[in-house]
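Asker: Let the sequences and hints guide you as you build the complete structure.
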Amino acid sequence: MKFLITGANGDIAISICRIIKKEFKNSVIEGTDIVIEGPGEFYFKKIYKVPPPHKKNYLNQLLKLSTKHKVIIPTTEEEIIFFSKNLQSFKGKFTIINSRNIINTFSSKFTTYEFLKKNKFGVPSFCYKLSDIKKFNRTFFLKKNFGHGNKSYKIINTYKKFKELNTYDKKKWIAQEYLGKNYSEYTSAVVKFKNYENVIILRRKLDKGYTYFAEVIENKYLKKILINLARIINLNGSINVQLKMNKHRYVIFEINPRLSSTVMMRNKMGFKDLVWWINYVAYGEKPKLIPKIKKIKMIKFVDEKFI
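Residue 107 is where the sequence shown starts when you use the numbering used here, and the numbers rise one by one after that.
Take these hints with a grain of salt, some might be off.
Restricting the straight-line Cα-Cα distance to at most 20 Å, the calculated cross-link-like pairs of lysine-lysine (PhoX-like) are [what the hints assert, rightly or not]:
#1 Lys-226 - Lys-250
#2 Lys-240 - Lys-260
#3 Lys-277 - Lys-235
#4 Lys-329 - Lys-250
#5 Lys-329 - Lys-223
#6 Lys-155 - Lys-131
#7 Lys-330 - Lys-226
#8 Lys-235 - Lys-278
#9 Lys-241 - Lys-226
#10 Lys-267 - Lys-277
#11 Lys-241 - Lys-278
#12 Lys-350 - Lys-374
#13 Lys-152 - Lys-174
#14 Lys-155 - Lys-170
#15 Lys-170 - Lys-131
Since the hints were made in silico from the structure, they are not lab data.
Answerer: This is how it looks when you write it as structure tokens:
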């Protein structure tokens with residue numbers, strides 16, 4: 107089977123490529139990116155240079171490339187949104203993305219907050235568009251409304267820092283409750299394919315927005331909540347839910363409507379959501395019941411090795 111993976115020089119695309127090489131023998135894996143040179147060169151058979159999705163000729167180039175591939179896996183937010191709007195143009199191809207409604211809801215952190223609050227899930231005590239905040243009266247966590255990773259996130263805890271935000275494009279940022287050190291952070295992959303439902307919850311540690319340590323935990327309370335979320339949104343794929351928790355509350359602060367950067371960690375732990383998703387879309391094959399995931403810890407090193 108021939109695969110085309112977008113954002114080929116990104117960490118998620120590279121992890122996906124490596125998993126497919128191992129799990130789907132004799133597959134051909136090619137990629138696209140706005141630049142050919144990068145770390146993806148060492149993993150993909152070939153990388154095609156394409157313009158950003160907002161450019162007019164992006165669709166024509168992807169349609170031309172897709173004639174040579176059976177499965178397309180978009181990995182960047184902008185491309186996932188693009189494909190969700192143009193799926194009809196790629197008839198006959200297996201595209202590994204969630205429904206348009208899920209993508210539209212959870213690509214924005216603000217609409218994610220509004221949806222979760224409306225459906226009575228645990229959420230931050232406040233989440234505002236930065237453009238709606240006229241004066242500083244409490245500490246908040248500054249985040250971009252779209253995109254993942256937290257390299258540019260900041261804790262705004264003084265009037266001086268707040269005034270410095272006047273140089274920002276305030277329509278692109280949100281202010282969210284700052285959850286301090288008394289909260290532990292978790293990332294969870296949630297999958298649902300018709301009647302098959304599964305969840306893995308990882309307690310994690312971050313460095314510059316990326317998970318370098320993860321420990322599988324068992325929490326029936328959280329698992330029930332996450333399965334309920336999957337049912338409410340009519341999930342038919344995989345999502346990544348990020349949350350924090352202490353003794354008194356759990357808080358879902360972000361949902362990524364796609365495969366996340368811990369996809370390789372999960373695969374090595376036996377939670378193979380990428381493989382299940384491909385098999386379900388391409389062959390209509392529901393995942394088999396898997397053995398209970400062992401409570402293991404995993405550390406990711408710079409050279410992509412895990413222990």
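Asker: All hints are to be evaluated individually against the structure, with a verdict given for each.
Answerer: Verification of the supplied hints:
In summary, the hint linking Lys-226 to Lys-250 is not supported, as the alpha carbons are separated by about 24 Å, beyond the 20 Å threshold. For a cut-off of 20 Å, the pair hint linking Lys-240 to Lys-260 stands: about 18 Å separates their Cα positions. Restraint check for Lys-277 and Lys-235: satisfied, since their Cα atoms lie roughly 7 Å apart, inside the 20 Å limit. Our distance criterion of 20 Å between C-alpha atoms is broken by Lys-329 and Lys-250, whose separation comes to about 28 Å.
For a cut-off of 20 Å, the pair hint linking Lys-329 to Lys-223 stands: about 18 Å separates their Cα positions. Note on Lys-155 and Lys-131: the hinted pairing is violated, with a Cα-Cα distance of about 26 Å set against a maximum of 20 Å. Taking the CA atoms of Lys-330 and Lys-226, the gap is near 14 Å; set against the 20 Å cutoff, the hint holds. The straight-line distance between the Cα atoms of Lys-235 and Lys-278 is roughly 8 Å, inside the 20 Å bound, and the hint therefore holds.
Taken as a hint, the Lys-241 and Lys-226 pair is broken in the structure, with Cα atoms around 29 Å apart against an allowance of 20 Å. Between Lys-267 and Lys-277 the alpha-carbon distance is near 18 Å, which keeps this suggested pair within the 20 Å criterion. Restraint check for Lys-241 and Lys-278: the C-alpha separation of about 18 Å stays at or below 20 Å, so the hint holds. Annotation: proposed proximity of Lys-350 to Lys-374 is violated, straight-line Cα distance about 24 Å (limit 20 Å).
Simply put, Lys-152 and Lys-174 have alpha-carbon atoms about 12 Å apart, close enough for the 20 Å limit, and the pair holds. Under the criterion of a C-alpha separation no larger than 20 Å, the hint pairing Lys-155 with Lys-170 is consistent with the structure, at around 13 Å. Using a Cα cut-off of 20 Å, the hinted pair Lys-170 and Lys-131 is violated, with the two alpha carbons roughly 25 Å apart.
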